[in-house]
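Taken in order, these protein sequences are the chains called A and B. Using full-length UniProt numbering, the letters of the first sequence map in sequence onto residues 1 to 158. Using full-length UniProt numbering, the letters of the second sequence map in sequence onto residues 1 to 663.
The set of hints was computed from the structure by calculation and includes no laboratory data. There may be inaccurate statements among the hints.
[Claimed, not checked] Straight-line Cα separation of at most 25 Å, SDA-like style, residue types lysine to any residue; simulated pairs:
1. A/129 to B/72
2. A/68 to B/30
3. B/128 to A/139
4. B/617 to A/68
5. A/72 to B/646
6. A/44 to B/14
7. A/72 to B/106
8. B/524 to A/42
9. B/22 to A/51
10. B/503 to A/84
11. B/617 to A/64
12. A/105 to B/589
13. A/45 to B/617
14. B/503 to A/83
15. B/23 to A/43
16. A/44 to B/16
17. B/23 to A/46
18. B/76 to A/123
19. A/45 to B/642
20. A/45 to B/16
21. B/128 to A/71
22. A/139 to B/656
23. A/68 to B/653
24. A/68 to B/642
25. B/524 to A/43
26. A/72 to B/32
27. A/45 to B/106
28. A/105 to B/592
29. A/129 to B/519
30. B/128 to A/51
31. A/20 to B/109
32. A/68 to B/348
33. A/44 to B/109
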Amino acid sequence: MKDNRSIKERDLGSKPAREKVKIAAFLCKWCSYAGADLAGGSRKKYPPNVIVIRTPCSARTNPLFVWKSLEKGLDGVLVSGCHPGECHYSEGNYHTRRNFAVFRKLLEYIGIEPERFHMSWVSAAEGDKWAEVVKDVVKVVESAGPNTYFSKKKEDNG
Amino acid sequence: MARIGVFVCHCGTNISATVDVKKVAEIAKGFPGVKFTTDYRYMCSEPGQDLIQKMVKEHNLTRIVVAACSPSLHEKTFRTCTQNAGLNPYFFEMANIREQCSWVHDDREEATLKAIDIVKLAAAKVGKNNPLQTTFIPVEKRVLIIGGGISGIQAAIDVAFNGFETVIVEREPSIGGRMAMFDKTFPTLDCAACILTPKMVEVNQSDLIKLYTYSEVEEVSGYVGNFKVKIRRKARLVDENKCNGCGTCWQRCPVRLPSEFDMNLGKRKAIYVPFPQAVPNVPVIDQEHCLYINKKKCGICKKVCPFEAIDYEQKDEVIEEKFGAIIVATGFTMFDHSIYGEYGYGKYKNVTTGLHFERMLNSSGPTGGKIVRPSDGKEAKKVVFIQCVGSRDEARGMPYCSRLCCMYTAKQALLLKEHNPEAEAYVFYIDIRAAGKNYEEFVERVQDEYGATYLRGRVSKIFQRNGRLMVRGCDTLSGTQIEIDADLVVLATALIARPDAIKLAQMLHIPYDQNRLFTEAHPKLAPVETVTTGVFLTGACQSPKDIPDTVATASAASVKACGLLSHEKLPIDPQIARVDVEICSGCLACQEVCPFGAIEKEEIVDRVTQQKRWVAKIAPSLCNGCGACNTACRPGAIDLDGFTEEQIFGQIESLTADKGDER
Ligand SMILES: Cc1cc2nc3c(=O)[nH]c(=O)nc-3n(C[C@H](O)[C@H](O)[C@H](O)COP(=O)(O)OP(=O)(O)OC[C@H]3O[C@@H](n4cnc5c(N)ncnc54)[C@H](O)[C@@H]3O)c2cc1C
Ligand code: SF4
Ligand code: SF4
Ligand code: FES
Chain A
1 MKDNRSIKER
11 DLGSKPAREK
21 VKIAAFLCKW
31 CSYAGADLAG
41 GSRKKYPPNV
51 IVIRTPCSAR
61 TNPLFVWKSL
71 EKGLDGVLVS
81 GCHPGECHYS
91 EGNYHTRRNF
101 AVFRKLLEYI
111 GIEPERFHMS
121 WVSAAEGDKW
131 AEVVKDVVKV
141 VESAGPNTYF
151 SKKKEDNG
Chain B
1 MARIGVFVCH
11 CGTNISATVD
21 VKKVAEIAKG
31 FPGVKFTTDY
41 RYMCSEPGQD
51 LIQKMVKEHN
61 LTRIVVAACS
71 PSLHEKTFRT
81 CTQNAGLNPY
91 FFEMANIREQ
101 CSWVHDDREE
111 ATLKAIDIVK
121 LAAAKVGKNN
131 PLQTTFIPVE
141 KRVLIIGGGI
151 SGIQAAIDVA
161 FNGFETVIVE
171 REPSIGGRMA
181 MFDKTFPTLD
191 CAACILTPKM
201 VEVNQSDLIK
211 LYTYSEVEEV
221 SGYVGNFKVK
231 IRRKARLVDE
241 NKCNGCGTCW
251 QRCPVRLPSE
261 FDMNLGKRKA
271 IYVPFPQAVP
281 NVPVIDQEHC
291 LYINKKKCGI
301 CKKVCPFEAI
311 DYEQKDEVIE
321 EKFGAIIVAT
331 GFTMFDHSIY
341 GEYGYGKYKN
351 VTTGLHFERM
361 LNSSGPTGGK
371 IVRPSDGKEA
381 KKVVFIQCVG
391 SRDEARGMPY
401 CSRLCCMYTA
411 KQALLLKEHN
421 PEAEAYVFYI
431 DIRAAGKNYE
441 EFVERVQDEY
451 GATYLRGRVS
461 KIFQRNGRLM
471 VRGCDTLSGT
481 QIEIDADLVV
491 LATALIARPD
501 AIKLAQMLHI
511 PYDQNRLFTE
521 AHPKLAPVET
531 VTTGVFLTGA
541 CQSPKDIPDT
551 VATASAASVK
561 ACGLLSHEKL
571 PIDPQIARVD
581 VEICSGCLAC
591 QEVCPFGAIE
601 KEEIVDRVTQ
611 QKRWVAKIAP
621 SLCNGCGACN
631 TACRPGAIDL
641 DGFTEEQIFG
651 QIESLTADKG
661 DER
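Let's have the full structure, built from the sequences with the hints guiding it.
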């Protein structure tokens, strides 16, 4: 299996660094990011596989970001925002929902495992929920295993 | 090329207990562009901040990453620190390795690896930060208040007291709102007119308050500090400057119509003031029913007016004014309970609502303060009150509790007894919710001192038997079925949003909830603000409120509005969207998704073809930086400062293979 990490990082410990899946999470700063902060404040434990990229609103998260993440070899992507109707900018997450409904179909069509892409609505008050979402997402992405879709394709083509 | 400095915080042991901060600092040295890294016990402390500033000078750093707590805590602190170090304040990024790392993981090695990723992400972003300048906009020092009920009135008085000019736009011919309809108010039973009228007069006499009654807001553009508002002043057909309210016209007008203000229990004329204490005390002509307007007959009012104030030719006028802040005070309306067929509203004249009852209680009301049966005008001796009509009923009504019905019903039962000690009052309730100051005591008094009979249970049917109105319900406390022959039934219907609430919300770009009530920016910490900066909420348009709460929010909203106006200029966040007109195709997909109406089209001359074409233009002061337009724009003509495409793609790439290292 191809190790996605730099040598320096791999040297850090005894564990093979790519033993586990790596997931990018795009969180809006008003709800889901604040919810993740709250999970920290209340010391909820969850697996370390998810790295957060902060956005102003979930509507900022372009499906292309998700595409790029998967193309670059991340094993899964999570997009999370405020609950529908509670977007800080009032309607941003409706656009998000629409954008990604289409995108999900595209992934399906292309043949990327649906297990790799997730969406959730987590409010600033839902620290517990954030921890649960991460646990679930990690479990499901793990079930799909490392993402080799694009690297395989490259090999096929080259 | 950016020269990045990375500062890793221990946060005492909050971070360092789980994350090997020294290791993080060491590994970060290898990230692209990073020229200096270090760790420190408390980065946010003064010595911590001094350290950043010193290292910027010593190592010629141009960008700063602080790996510490959440940006919601200290982003501001370190931005200022970055600025103090002589750099653009936006040349800074925070790596959240506490809330989202050390506090949520146990395994030191795993947490350290994750912290490294988080720092890498921040370093990848900060290198691509654009220098941003906070811009300032001048503030128009006037407040617009939409709605002239008690909330709008109180807000206007408070704003004026602070020395700012305000305009009240009220749809009806007079200010006063619902409160003007009441006789007495709970829990102290002061007479509504006695406490409201002086405030209405104050509004009318203040040099700083302008009143546009019989007017409506038609269009709002602009942004905090600079709202441009179109106001339609409907034709009164009476010249406000000439009329002195003598009343000769309405005494002589031959057309008699049901009075809306009196809940159709009394009559008004085609030229009328809604109630005697109206402010302004200037009538309007009801154009739909005026004989002169419709048939060119009559014309009496014009003939009798001693001041020649009647002007049949008057037209609606649309004026435009500028405001720095807007207070929304449009109040509530009552739930239409005709949906509850079992209560027989519309079928039985003697089934009425709380507002009808208020008008009957009022000594200057349609019945002169007598409680009567609308069917025959005879005195009503046995009155059944039914609470929670349309409230707390997810299936057919509103899911929420209207908060005041328990109280106004108790008040009405009490006043019924005061008007006629012989009368009997029965109250059907589900729960009594009397949580205000002296409220519980008030409800107790109504039962103990005034002998109102409280029955816990629902009414299943209202019907007629032998010409009498029968109310059948159950008393769940005694477990008995009850039938009461009533002269009058009073339904405590839910307080709900006005029918045009959504239209107004869209005009102002403020959100509303599933019940069409306007939504505050934060239910606890920003209860009178909205997410649209400069637009504030007060009174019952936000949620059912009694007068004390309404007045409190009115004062709160005016403090917020005056706070804004006390600035000569307002800063606007520079992390907003911008359009590259070279790439923009003019499709305006962006305009459709912008929740703030910040995008308009603009005609430009194409640099290459020299042809005119349309492109999108974003008003910096309206844009809130959500980035929806970014995503909607197919050609990729829009970017969002602070969260640019280049930055986010850069972050993604930094997370994946670090090819350079591997070779
Ligand atoms: C039957 C009954 C009895 C009550 N008794 C009591 C009591 O005893 N004690 C107590 O504390 N509370 C009582 N209340 C509650 C009280 O009515 C409210 O607290 C109060 O009226 C709220 O004031 P407001 O200004 O927010 O709304 P409103 O009184 O509804 O005033 C809103 C004003 O805005 C105007 N308006 C609306 N939309 C627009 C628009 N688009 N453009 C321009 N103008 C607009 C309306 O014409 C109105 O004048 C009672 C309520 C009811 C229903
Ligand atoms: S969506 Fe993009 S291309 Fe279309 S008008 Fe807006 S900025 Fe221009
Ligand atoms: S970033 Fe959001 S608020 Fe700003 S113009 Fe785009 S859609 Fe409107
Ligand atoms: S701000 Fe959270 S989804 Fe829009």
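Results of checking the hints against the structure:
1. A/129 to B/72: Roughly 20 Å separates the two Cα atoms, so the pair holds.
2. A/68 to B/30: holds, 24 Å
3. B/128 to A/139: Distance ~34 Å between residue 128 of chain B and residue 139 of chain A Cα, so the pair is violated.
4. B/617 to A/68: Distance of about 29 Å is beyond 25 Å: violated.
5. A/72 to B/646: Since the Cα atoms of residue 72 of chain A and residue 646 of chain B sit roughly 15 Å apart, the hinted pair holds (cutoff 25 Å).
6. A/44 to B/14: Holds. Residue 44 of chain A to residue 14 of chain B sits at ~15 Å (cutoff 25 Å).
7. A/72 to B/106: With Cα atoms ~29 Å apart, residue 72 of chain A and residue 106 of chain B exceed 25 Å; violated.
8. B/524 to A/42: Since the Cα atoms of residue 524 of chain B and residue 42 of chain A sit roughly 20 Å apart, the hinted pair holds (cutoff 25 Å).
9. B/22 to A/51: holds, 20 Å
10. B/503 to A/84: With Cα atoms ~20 Å apart, residue 503 of chain B and residue 84 of chain A stay inside 25 Å; holds.
11. B/617 to A/64: holds, 24 Å
12. A/105 to B/589: Answer holds: residue 105 of chain A to residue 589 of chain B is near 22 Å, not above 25 Å.
13. A/45 to B/617: violated, 46 Å
14. B/503 to A/83: Status holds; Cα separation ~23 Å.
15. B/23 to A/43: holds, 23 Å
16. A/44 to B/16: Given pair residue 44 of chain A, residue 16 of chain B holds - Cα atoms ~18 Å apart, limit 25 Å.
17. B/23 to A/46: holds, 22 Å
18. B/76 to A/123: holds, 23 Å
19. A/45 to B/642: Given that 25 Å is the threshold and the Cα spacing comes to 30 Å, the pair is violated.
20. A/45 to B/16: Within the cut-off at roughly 17 Å; holds.
21. B/128 to A/71: Holds. Residue 128 of chain B to residue 71 of chain A sits at ~22 Å (cutoff 25 Å).
22. A/139 to B/656: holds, 20 Å
23. A/68 to B/653: Holds, at roughly 8 Å.
24. A/68 to B/642: With Cα atoms ~20 Å apart, residue 68 of chain A and residue 642 of chain B stay inside 25 Å; holds.
25. B/524 to A/43: Measuring from Cα to Cα gives roughly 24 Å; hence the hint holds.
26. A/72 to B/32: At roughly 18 Å apart (the allowed maximum being 25 Å), residue 32 of chain B and residue 72 of chain A satisfy the hint.
27. A/45 to B/106: holds, 8 Å
28. A/105 to B/592: Holds, at roughly 23 Å.
29. A/129 to B/519: The hint holds at about 24 Å.
30. B/128 to A/51: It holds: about 20 Å lies between the C-alpha atoms, which stays within 25 Å.
31. A/20 to B/109: holds, 13 Å
32. A/68 to B/348: violated, 68 Å
33. A/44 to B/109: holds, 18 Å
The structure does not agree with the numbered hints 3, 4, 7, 13, 19 and 32 stated previously, though it agrees with the rest.
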